[in-house]
Amino acid sequence: MIQVGLAAPRRALGLTGLVLGAALLRALLLPLGDLPSTLVFGGCLLAIAWFDRGLSPAEARWGRGRALVVGLLVGAVLLAPLTAGSLSTRGLDGFWTWAALAALIATLEEIAIRGALFRHWRDEAGPVAAIVAGAAVFALIHLPRYGWGAMPLDAAVGLALGGLRALTGRVLPCAVAHTIADWGAWFWA
Amino acid sequence: MVLGMTRARRAGLAALTLGLAAAAVLHGRLAAPPVFDGIVVPPEPYRWESPPPNLRAGNKPPLSGEATLPVLNGQVAGGGVQTSDNQVVIYFGPGTFKAPAGTQTVKCTIAPDPNPPSASTGVEIRGNVYRIGCVAQPGGAPVTLASSYHLTLRFPPGAFKEIQYNDGSGWRTLPTLQSSGGDPYAGVNAPGFGEYAATAPTGAAASGASIFALLGRYLEFWGILAFVIFFGAIAVIQELRRRRHRAPARPRKRG
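Keeping their order, the protein sequence lines are chains A and B. By the count of this note's numbering, the first sequence reaches residue 193 at its end, each step adding exactly one. By the count of this note's numbering, the second sequence reaches residue 287 at its end, each step adding exactly one.
The reader is advised that the hints may include incorrect statements.
Derived DMTMM-like pairs: lysine to aspartate or glutamate, alpha-carbon spacing no greater than 25 Å straight-line [claimed, not checked]: (1) K92/B with E156/B; (2) K139/B with E227/B; (3) K193/B with D38/A; (4) K139/B with D215/B; (5) K92/B with D97/A; (6) K92/B with E81/B.
For each label pair, taking beta carbons as the anchor points, the in silico distance ranges come out as [unchecked claim]: (7) L24/A with S201/B: 49 to 57 Å; (8) G112/B with R68/A: 14 to 22 Å; (9) S116/B with R68/A: 13 to 21 Å; (10) A109/B with A104/A: 40 to 48 Å; (11) T87/A with G202/B: 29 to 37 Å; (12) G89/A with S211/B: 23 to 31 Å; (13) A53/B with L17/A: 24 to 32 Å; (14) T234/B with L24/A: 47 to 55 Å; (15) P223/B with L77/A: 49 to 57 Å; (16) G134/B with P35/A: 31 to 39 Å; (17) A104/A with T234/B: 33 to 41 Å.
A few chain A residues facing chain B, derived, Cβ under 8 Å [claimed, not checked]: (18) G67; (19) G69; (20) L77; (21) A80; (22) V81; (23) P85; (24) T87; (25) R94; (26) G98; (27) W102; (28) P131; (29) L163; (30) A164.
No lab work stands behind these hints: they were computed from the structure. This structure is a prediction, so every number in the text was calculated from the model and none was measured. Each residue gets a CB set at the ideal place from its N, CA and C atoms; glycine is no exception.
Take these sequences, add in the hints, and give me the full structure.
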């Protein structure tokens, strides 16, 4: 057991590299437009999650309903500071398409980072390393789009979502909280 | 220590609390975008000074912008000014503006012009005309330009060709660089103070507005989205089936 803990987390590092590589590919494709680059990124995350799907039988998990409620609450807390600002004048015309895409990408990010990546880091280096590594990856993958200025905020949100994953044993509340926080940008950003 | 919790859950609770607290603090301090998945939020509707009849109902008036900039050794340090609705942004380097002797600060303003000069024949002004000017303070004396500054202008949906400039002697075209990826912004090296406007040839259609271009755009979007959703659904179904096969059989009750 001690040997496992001290061994280099090779698989986790490899997977981390893949997720960061997907973000790098997206950054390189940005000149083609936001939509194609985002969808290629989403496809990469889907492929990573697909080829690395698995279960941790030993992990205790909250029930779906309870996890969903906690996800909604965390999303609301993440959204709260935004609501202090003025409402945007965007109508609901383009919202649904945008919201569907935002939810899809947010969910894929959570499946890859808080799902596959978290599982490997936790199994190979422990839960604290899994939370921290997830937060770092989360901040790094958003770097090309938002720059260094947004990194602390993204790292903080990544930390919260990693904590939520460790607490509940599920990816579902992380995806719910992430999606709710994203949607708020339409109305208050 | 929280009783009855595993190490992982304790770490999770601590990280969740710390992360939420840090996010709340950073939201207020950083002007960072609040989207965490990297998808650009579409810009708010264009604010018209004189909206077309069909957009009059929901239109909000355009906003102006101003900045007071320090003067050091007769030169204005580099900086930028933008309107509060982000429809116009100007950037300049140190020494771009030269102020008269005794100037302490320079006040730069960008304001939508409600009564702009008419466009040249065959040219249509698209959106608002903005007046850009800088004056020395105290005194209000004019500031001269040592070199051009960079101006980014948002244009409304529809046709667009180039940005034009009017210093009081008539409109003239400027070499214009349009943003990539369909963003409704264009930039120029602005040669002076005066009025700036987005323009297009009279009666021109929006670029790429043909039925085939529109169809292509929608097919690209919906096609890729359908692809991702289709394979995502397969992945979820396969995963659920796999889990069902893995689940250990429940022991039967005796008796």
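Evaluated hints:
For a cut-off of 25 Å, the pair hint linking K92/B to E156/B stands: about 22 Å separates their Cα positions. With a CA separation close to 17 Å, the supplied pair K139/B and E227/B stays within the 25 Å bound. Under the criterion of a C-alpha separation no larger than 25 Å, the hint pairing K193/B with D38/A is consistent with the structure, at around 23 Å. This hinted pair does not check out: K139/B and D215/B have alpha carbons roughly 30 Å apart, beyond 25 Å.
Proposed proximity of K92/B and D97/A is supported: the alpha carbons are some 17 Å apart, at most 25 Å. About 8 Å separates the Cα atoms of K92/B and E81/B, which keeps this hinted pair within 25 Å; it holds. Separation of L24/A from S201/B is about 55 Å and conforms to the stated range, judged on CB atoms against 49 to 57 Å. The supplied range of 14 to 22 Å is broken by G112/B and R68/A, whose beta-carbon atoms lie about 50 Å from each other.
Between S116/B and R68/A the C-beta distance comes to about 45 Å, which lies outside the given range of 13 to 21 Å. The given range of 40 to 48 Å is respected by A109/B and A104/A, whose C-beta atoms sit roughly 46 Å from each other. Our hint of 29 to 37 Å for T87/A and G202/B is violated, since their Cβ atoms are close to 49 Å apart. Distance hint for G89/A and S211/B: a CB-CB separation of about 25 Å, consistent with the stated range 23 to 31 Å.
Evaluation of the 24 to 32 Å hint for A53/B and L17/A yields a pass: the beta carbon distance comes to about 30 Å. Separation of T234/B from L24/A is about 50 Å and conforms to the stated range, judged on CB atoms against 47 to 55 Å. Remark: the range hint 49 to 57 Å for P223/B to L77/A is upheld by a beta-carbon distance near 55 Å. Taken as a hint, the range 31 to 39 Å is violated for the pair G134/B and P35/A, whose Cβ atoms sit roughly 48 Å apart.
About 39 Å separates the C-beta atoms of A104/A and T234/B, a value consistent with the hinted range of 33 to 41 Å. A least Cβ separation of about 15 Å between G67/A and chain B goes past the 8 Å threshold, and the interface hint is therefore violated. With a cut of 8 Å, the hint placing G69/A at the interface with chain B is violated, because the nearest CB-to-CB distance is about 18 Å. Restraint check, L77/A versus chain B: the minimum CB separation of about 10 Å is more than 8 Å; hint violated.
The closest approach between the C-beta of A80/A and any C-beta of chain B is roughly 11 Å, which is over the 8 Å cut-off, so the hint fails. Annotation: interface hint on V81/A holds; nearest CB of chain B at approximately 5 Å, less than 8 Å. A cut of 8 Å between beta carbons decides the hint on P85/A: the least distance to chain B is about 4 Å, and the hint holds. With a least beta-carbon distance of about 10 Å to chain B, the hint placing T87/A at the interface is violated under the 8 Å criterion.
With its C-beta approaching chain B no nearer than about 6 Å, R94/A sits inside the 8 Å limit, and its interface hint holds. Checking G98/A against chain B by beta carbon gives a least distance of about 6 Å; that is within 8 Å, so the hint holds. With a least beta-carbon distance of about 7 Å to chain B, the hint placing W102/A at the interface is held under the 8 Å criterion. For the restraint placing P131/A at the interface with chain B, the shortest Cβ-Cβ distance is roughly 4 Å, inside the 8 Å limit, so the hint holds.
With its C-beta approaching chain B no nearer than about 3 Å, L163/A sits inside the 8 Å limit, and its interface hint holds. Annotation: interface hint on A164/A holds; nearest CB of chain B at approximately 3 Å, less than 8 Å.
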